[in-house]
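K.L.:
Work out the full structure, taking the sequences as your base and the hints as a guide.
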Amino acid sequence: MTDTIAAAPAARSYQPHQRPLWQRILLTRESAVIAALLIVIAVSLATVRNFDSPLTVTYLVLDIAPILLIALPMALIIVTEEIDLSVASIVGLASVTLGLAVQAGVPMPAAILLTLTVGLVAGALNGFLITVVGLPSLAVTIGTLALFRGIAVGLLGTTAITDFPEFWTDLARDRIEGTPIPLIAIPIVLLFVIFSLVLHFTPFGRGIYAIGLNKEAAHFSGVHVGRTKFTLFVLSGVVSAFAGIFFTLNYGSARGDNATGLELSVIAAVLLGGVSIFGGRGALHGVFAGVLLIGVLGSALRLSNVSSDIINVITGVLLVLSVVGSSLLALARRARIGARKKDATPTAP
Amino acid sequence: MTSQLDRDARVPELTLSKVVKSFGPVVALRSGSLTLQPGSIHALVGENGAGKSTLVKIIAGLYRRDAGEFTLRGESVDFTSTAQAKEAGIAVIYQEPTLFPDLSVTENIFMGRQPTGRFGRIDRRAMRRETQEIFERLGVRLDPDRITEGLSIADQQIIEIAKAISLDARVLIMDEPTAALSGNEVERLFAVARGLRDEGRAILFISHRFDEVFDLCDTVTVMRDGAYVFTTPIAETSVDEIVRAMVGRDIQELFPKQETTVGEELLRVEGLDSPGVFHDISFSVRAGEIVGLAGLVGAGRSEVARAIFGVDGYTSGSVTVGGKPLPKRQPRAAMAAGIALVPEDRRKQGLVLESSVARNTTLAIRDRLSRLGILTTGRENTASQVWASRLEVKTSFLDTEAGTLSGGNQQKVVLGKWLATDPKVLIIDEPTRGIDVGTKSEVHRLLSELAGRGLGILMISSELPEVLGMADRVLVMREGRITAELTRDEATPESVMFAATHEQEPAR
Numbered sequence: 000m001t002d003t004i005a006a007a008p009a010a011r012s013y014q015p016h017q018r019p020l021w022q023r024i025l026l027t028r029e030s031a032v033i034a035a036l037l038i039v040i041a042v043s044l045a046t047v048r049n050f051d052s053p054l055t056v057t058y059l060v061l062d063i064a065p066i067l068l069i070a071l072p073m074a075l076i077i078v079t080e081e082i083d084l085s086v087a088s089i090v091g092l093a094s095v096t097l098g099l100a101v102q103a104g105v106p107m108p109a110a111i112l113l114t115l116t117v118g119l120v121a122g123a124l125n126g127f128l129i130t131v132v133g134l135p136s137l138a139v140t141i142g143t144l145a146l147f148r149g150i151a152v153g154l155l156g157t158t159a160i161t162d163f164p165e166f167w168t169d170l171a172r173d174r175i176e177g178t179p180i181p182l183i184a185i186p187i188v189l190l191f192v193i194f195s196l197v198l199h200f201t202p203f204g205r206g207i208y209a210i211g212l213n214k215e216a217a218h219f220s221g222v223h224v225g226r227t228k229f230t231l232f233v234l235s236g237v238v239s240a241f242a243g244i245f246f247t248l249n250y251g252s253a254r255g256d257n258a259t260g261l262e263l264s265v266i267a268a269v270l271l272g273g274v275s276i277f278g279g280r281g282a283l284h285g286v287f288a289g290v291l292l293i294g295v296l297g298s299a300l301r302l303s304n305v306s307s308d309i310i311n312v313i314t315g316v317l318l319v320l321s322v323v324g325s326s327l328l329a330l331a332r333r334a335r336i337g338a339r340k341k342d343a344t345p346t347a348p
Numbered sequence: 000m001t002s003q004l005d006r007d008a009r010v011p012e013l014t015l016s017k018v019v020k021s022f023g024p025v026v027a028l029r030s031g032s033l034t035l036q037p038g039s040i041h042a043l044v045g046e047n048g049a050g051k052s053t054l055v056k057i058i059a060g061l062y063r064r065d066a067g068e069f070t071l072r073g074e075s076v077d078f079t080s081t082a083q084a085k086e087a088g089i090a091v092i093y094q095e096p097t098l099f100p101d102l103s104v105t106e107n108i109f110m111g112r113q114p115t116g117r118f119g120r121i122d123r124r125a126m127r128r129e130t131q132e133i134f135e136r137l138g139v140r141l142d143p144d145r146i147t148e149g150l151s152i153a154d155q156q157i158i159e160i161a162k163a164i165s166l167d168a169r170v171l172i173m174d175e176p177t178a179a180l181s182g183n184e185v186e187r188l189f190a191v192a193r194g195l196r197d198e199g200r201a202i203l204f205i206s207h208r209f210d211e212v213f214d215l216c217d218t219v220t221v222m223r224d225g226a227y228v229f230t231t232p233i234a235e236t237s238v239d240e241i242v243r244a245m246v247g248r249d250i251q252e253l254f255p256k257q258e259t260t261v262g263e264e265l266l267r268v269e270g271l272d273s274p275g276v277f278h279d280i281s282f283s284v285r286a287g288e289i290v291g292l293a294g295l296v297g298a299g300r301s302e303v304a305r306a307i308f309g310v311d312g313y314t315s316g317s318v319t320v321g322g323k324p325l326p327k328r329q330p331r332a333a334m335a336a337g338i339a340l341v342p343e344d345r346r347k348q349g350l351v352l353e354s355s356v357a358r359n360t361t362l363a364i365r366d367r368l369s370r371l372g373i374l375t376t377g378r379e380n381t382a383s384q385v386w387a388s389r390l391e392v393k394t395s396f397l398d399t400e401a402g403t404l405s406g407g408n409q410q411k412v413v414l415g416k417w418l419a420t421d422p423k424v425l426i427i428d429e430p431t432r433g434i435d436v437g438t439k440s441e442v443h444r445l446l447s448e449l450a451g452r453g454l455g456i457l458m459i460s461s462e463l464p465e466v467l468g469m470a471d472r473v474l475v476m477r478e479g480r481i482t483a484e485l486t487r488d489e490a491t492p493e494s495v496m497f498a499a500t501h502e503q504e505p506a507r
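Protein chains in written order, with numbering that gives the first Met the number 0: chain C, 0 to 348; chain G, 0 to 507.
None of these hints come from the bench; they were simulated from the model.
Fair warning: there could be bad hints in the mix.
Dumping the calculated EDC-like pairs for lysine to aspartate or glutamate here, alpha-carbon to alpha-carbon at most 16 Å [stated by the list, open to error]:
| hint | chain 1 | residue 1 | chain 2 | residue 2 |
| --- | --- | --- | --- | --- |
| 1 | G | Lys347 | C | Glu215 |
| 2 | C | Lys214 | G | Asp344 |
| 3 | G | Lys17 | G | Glu68 |
| 4 | C | Lys214 | G | Asp311 |
| 5 | G | Lys85 | G | Asp167 |
So, partial list: chain C residues that the calculated Cβ filter (under 10 Å) puts toward chain G [as the list claims (entries may be wrong)]:
| hint | residue |
| --- | --- |
| 6 | Ser12 |
| 7 | Tyr13 |
| 8 | Gln14 |
| 9 | Pro15 |
| 10 | His16 |
| 11 | Gln17 |
| 12 | Arg23 |
| 13 | Pro202 |
| 14 | Ala217 |
| 15 | Gly221 |
| 16 | Val222 |
| 17 | Arg280 |
Built from N, CA and C at the ideal position, the CB exists for glycine as well.
P.N.:
Below is the structure:
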């Protein structure tokens, strides 16, 4: 079977790539986001007072850490053309779980494990409804957004639990020796590397892209479409719970309404980072840069005493422009191939 | 008998002459000709892919012809939309009509052109009255006020016909209208059609069922390979002659099938059943053998292939590969057992169009290509390079998007993708649909060679010459059942066509 099939005359040879390396690296959506990030940093360093202070860096990282964490599984989910709107509610639920467990005298490591389990169960519920029952993820996670938040607020009411062991709250806030960077950066970088490997360098990752571009062809190629999505929603639940633990310890407060609305920031950053809302396209370094871009811009504007309303407007405009831009590109791409489709396949008589 | 239909003094209702239509490199219609007389029921027959549908779509205003003449009552026309064709008095009744299920029968008939009374109010009474009149003329009993949801396909067709009459259509095209009808319903449809003929309308009747053609029609036109073959009065021809004209070419020359020694049994399918889709499907494929699965479009062949490969389920029966049973609904298990499926619709099922040639070629072997769970573009490129060059995929770059290739080259990528899995059994659904002639023969040569190397091949094809030329054994399906199993010697165009279209056991 492996020797000459079809008695190949003068075997053709193929170049791996159509465009030279520099073009493939620089002329991408991700590079554009990274360039924008570098420009914003450069301009801020030159014009914004205190932007280069260590404290700014520390607070910036602590601020965007939950978004950065949740954006990783979210990016993978959006690449499969699904979405998870319930992540912020899982953060809230995790926060309440951790608080109640600690209040009940559960030792911290066990409480953390319990909280991560709650996140896993929440993600599994999403995954079950989407892949087994077959409901659209948009509808399912709007539902569980309300459900998980409702449970969280119901459990704790409007009160807050604040008596966490100092060792753990310090752990969340402390910096790496000799740097302004908080310890949370370590798990973030670790998870970023793992998620990048999974998405870009494994068969599982190839399946994720294939699902996003053509579910049916993926199914016909032996990709476990349902199992893949289920795994991603579970991951999303666990990572959101982890972000919830960090969130709670960082602010030293477990509340049912913690991180309300955070899902929008996460999705905004993922889309800004070049992941197509139509699925099948995007890369994690772009997502990383997207989150940093929103964070750095907000931080610089705040330091310049721009009101938070204006900051919201600016990030909103940025996001709309980027999503509109990438959507137009995606539509054009599909139209190009789709137009050929109409020409090339006469419906069989 | 190959003489032209004798032309009397009547002006033909519709004439097509040497009409050409191609889609990119694929020529769907090389030379289509058709003349419809008023007061006549005209049959159009041909194999799948003979160009009938393309011809109809040109008449209906769905496609525009590239060349040739198209006249309506002596005047040249060039429709750019279906609305124009309707305006000119052409109505098409499809196999499965598309009505608004929540609206009444009457409302459906007058959809988009409701008669209005004073102040632009819809004149429901006039609508209802006219509907009643048309139904009386057609001799059918249907309540004009009931909603169309739940009506049988036969009744839905009647509504479409009523719509055509209310538009005073001069030309009615019925595209395989009887495929989904029962015996009584067919009789009623025929009565209606004869009534319309007697009113002086021209009717084009497309069907694969010869008994119906001979029962209903007065004239028949045969098409083959996108071209007109002949037109003759029905009284002067026979089923044999029509079938020969439909197939008519030297099959042996086109498909040089290698002689192979058939080996052990690789795939066995037993009593496979899926309600409403296929029933009691049993057969086997042995090493070195090409088994053809013939039948009309919609006979359930692709569904059987999908069930075997596990992308669809089945309710009972079993699939065994090399003696080991395959679990249901698990393409991965089928792949692991050595089954590959080159699916029917390569753009939807075979390829990820927006992905590169390299990624597509390696999608089914991505697990095997990875080292310690890590898969790199380099390894994908190396593997896809091998298959692209063996199959001579025409592109210069491995990162070309598959969707930008021509149909034939896309098919090569899909073939490469599945041959890369090193299968024991290759199921290939419509191996050469929509691809150019040159690539077609390359694919045939390849399949023949693969069988020579001991692969078992199950080839589903709607092209009779392909089946007869390539297959060592031919299974014929009709309406979800295998109606004949023919050896290479027994398989003739007549015997296969007969089994594909008739209820009875085929004459051997």
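K.L.:
Each of the hints needs a verdict: does it hold here or not?
P.N.:
Hints, one by one, checked against the model:
In summary, the hint linking G/Lys347 to C/Glu215 is supported, as the alpha carbons are separated by about 7 Å, within the 16 Å threshold. For the proposed pair C/Lys214 and G/Asp344, the alpha carbon gap of about 14 Å is at most 16 Å, so the pair holds. Between the alpha carbons of G/Lys17 and G/Glu68 the distance comes to roughly 7 Å, so the proposed pair stays at or under 16 Å and holds. For the proposed pair C/Lys214 and G/Asp311, the alpha carbon gap of about 14 Å is at most 16 Å, so the pair holds.
For the hint linking G/Lys85 to G/Asp167, the alpha-carbon distance of about 10 Å falls within 16 Å, and the restraint holds. Interface hint at C/Ser12: satisfied, since its Cβ lies 7 Å from the closest Cβ of chain G, which is below the 10 Å cut-off. With 10 Å as the threshold, the beta carbon of C/Tyr13 comes within range of chain G, its nearest partner Cβ sitting at about 5 Å, so the hint holds. Annotation: interface hint on C/Gln14 holds; nearest CB of chain G at approximately 5 Å, less than 10 Å.
This hint holds: C/Pro15 has a C-beta 5 Å from the nearest C-beta of chain G, less than the 10 Å allowed. With its C-beta approaching chain G no nearer than about 5 Å, C/His16 sits inside the 10 Å limit, and its interface hint holds. For C/Gln17, the shortest C-beta to C-beta distance to chain G is roughly 4 Å, which falls under 10 Å, so the interface hint holds. For C/Arg23, the interface hint holds, the least distance from its beta-carbon to any beta-carbon of chain G being 9 Å, beneath 10 Å.
The interface hint given for C/Pro202 holds, since its Cβ lies 4 Å from the closest Cβ of chain G, which is under the 10 Å cut-off. The interface hint given for C/Ala217 holds, since its Cβ lies 7 Å from the closest Cβ of chain G, which is under the 10 Å cut-off. With 10 Å as the threshold, the beta carbon of C/Gly221 comes within range of chain G, its nearest partner Cβ sitting at about 5 Å, so the hint holds. Taking 10 Å as the C-beta contact cut-off toward chain G, the hint placing C/Val222 at the interface holds, the least distance being around 8 Å.
Checking C/Arg280 against chain G: minimum C-beta separation of about 8 Å stays under 10 Å; hint holds.
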